[in-house]
Structures are given as structure tokens and as C-alpha cells.
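Sequential numbering of the sequence shown, starting at 13, is according to the numbering used here.
Since no wrong hints were added, every one of them can be taken at face value.
Estimated spans, in silico, between C-beta atoms of each pair:
#: 1; residue 1: L202; residue 2: A80; range: 20 to 28 angstroms
#: 2; residue 1: R203; residue 2: I31; range: 44 to 52 angstroms
#: 3; residue 1: L35; residue 2: E191; range: 42 to 50 angstroms
#: 4; residue 1: G16; residue 2: S48; range: 29 to 37 angstroms
#: 5; residue 1: F50; residue 2: R203; range: 24 to 32 angstroms
#: 6; residue 1: G177; residue 2: L35; range: 27 to 35 angstroms
#: 7; residue 1: V93; residue 2: R203; range: 37 to 45 angstroms
#: 8; residue 1: K145; residue 2: A92; range: 34 to 42 angstroms
#: 9; residue 1: G16; residue 2: N199; range: 48 to 56 angstroms
#: 10; residue 1: L35; residue 2: L61; range: 32 to 40 angstroms
#: 11; residue 1: S53; residue 2: S30; range: 27 to 35 angstroms
#: 12; residue 1: L55; residue 2: I155; range: 14 to 22 angstroms
As a list, the in silico BS3-like pairs of lysine-lysine whose alpha-carbon atoms are at most 30 angstroms apart:
#: 13; residue 1: K64; residue 2: K145
#: 14; residue 1: K188; residue 2: K90
#: 15; residue 1: K188; residue 2: K64
#: 16; residue 1: K145; residue 2: K188
#: 17; residue 1: K90; residue 2: K108
Hints are computed from structural coordinates only; laboratory data are not their basis.
Where is the CB? At the ideal position from N, CA and C, for every residue including glycine.
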Amino acid sequence: MYTGIIQWDISSFYAINSISNPLLDLFMVAITHLGSIFFISILALVMLLIVKSMNIKKIAVLILIGLAIHAMLITPIKVAVNRDRPSEALNNVSLKVGGYEAKAHGASFPSGHAGRWFIIATILMPSRRKKRKFSYFSIAIGILVSVSRIYVGMHFPLDVIFGVGFGFLAGYLTLKLEERFEPQIQNLCLRLPFFGSDNKSFL
Numbered sequence: 013m014y015t016g017i018i019q020w021d022i023s024s025f026y027a028i029n030s031i032s033n034p035l036l037d038l039f040m041v042a043i044t045h046l047g048s049i050f051f052i053s054i055l056a057l058v059m060l061l062i063v064k065s066m067n068i069k070k071i072a073v074l075i076l077i078g079l080a081i082h083a084m085l086i087t088p089i090k091v092a093v094n095r096d097r098p099s100e101a102l103n104n105v106s107l108k109v110g111g112y113e114a115k116a117h118g119a120s121f122p123s124g125h126a127g128r129w130f131i132i133a134t135i136l137m138p139s140r141r142k143k144r145k146f147s148y149f150s151i152a153i154g155i156l157v158s159v160s161r162i163y164v165g166m167h168f169p170l171d172v173i174f175g176v177g178f179g180f181l182a183g184y185l186t187l188k189l190e191e192r193f194e195p196q197i198q199n200l201c202l203r204l205p206f207f208g209s210d211n212k213s214f215l
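The whole structure should be built from the sequences, with the hints applied where relevant.
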């Protein structure tokens, strides 16, 4: 059974990674960077420091907490498993990214990029119905990022699948922490700069 799963993992990787189109390549490379911890952290910090809405500040705080939980979950697994990247384990891999990512080795399982937008989606899911659309949007971005990680040659499908699972788990744990420490989170939001006193409702 294990052999069959690995064979599926490899064949599925080749099926996606072998696709090549100049415009699609550009799109997927751009999409894949949306899953970086740097991009999402900057996004959350902008939400914290520029946007006045207390609701959005709270979401930003939860996203940063979720990213920290996610890192604590996946980093020990990455180190322990230390799975080779596709370009290290296989021949004829089309590596469509450059820079520091192209130099990455090992630590392929699970994918961090694949899970991060699912943290956001999980955090937003309990929101009011009219705002839940942002959770669905996050899921859509997460799916695109997940596929892009295979497309650009950085991860196997199993890396991505488990990465998504850890994203949901990190989001769930974040919501549990919110339940436990909601007054403290609210006080933190009140102390942040550019707080809009005319918008005090929370999601």
C-alpha cells in the first residue's frame, strides 16, 4: 500500500509539473508567492497598522497567531521527516522558480505554503454570513497556491495535502485560543495604532 501511495504521489507530481505554458508559468509563479509566510505576515501587519476597523485588527492578530502555531506544528515534522524536494528525488523536474526557493533542499513534507491560506479560511469561517465569503475566497487562493507548489516543482502532492491539513489544524487551534483569551486579544486591538473608535464591533 505504501508503495502504491508513493507511486501515485510521483505520477501525480509529473502530471502537474510537466504542464508548461509561458502565461500559466508566470501566473503560477506569482500565485505560489502568495503562500509565503513573508507575504501573509506583511498583509496581516498592514491590516493591523493601517486599517482602522477593530474587526480587521482582530482578524490580523488571529492570523499572526495562526502563523506562529502553524510554524510550531510543521517545523519539527519538516526536520524529522526531511523529505527530499522533487528536484532532489526525481529526474526531469521542471523547476519554475528561482532565487532562494530554487536552492531549497529537504524539508519538503509538509508544505508550509499550501497550508497558510487555509489558516485564514478557518479563522474567517465563524464570521457573519455576509463576511464568510472572504473565507471561501481564502480557500480558493489556498487551492491555487497548493496546486502551484506542485506546478513550479517545489512539492509533491502528498506534501501539499498534508500541508492543507495542518493549515486547517492551525486555524482551529487559533480559534480555540481566541475563545480562551478573547478579552486579552480585544485589549491588544484597542492598544494598536490607528484604532477607529467609531467601529467597535467584533466578528
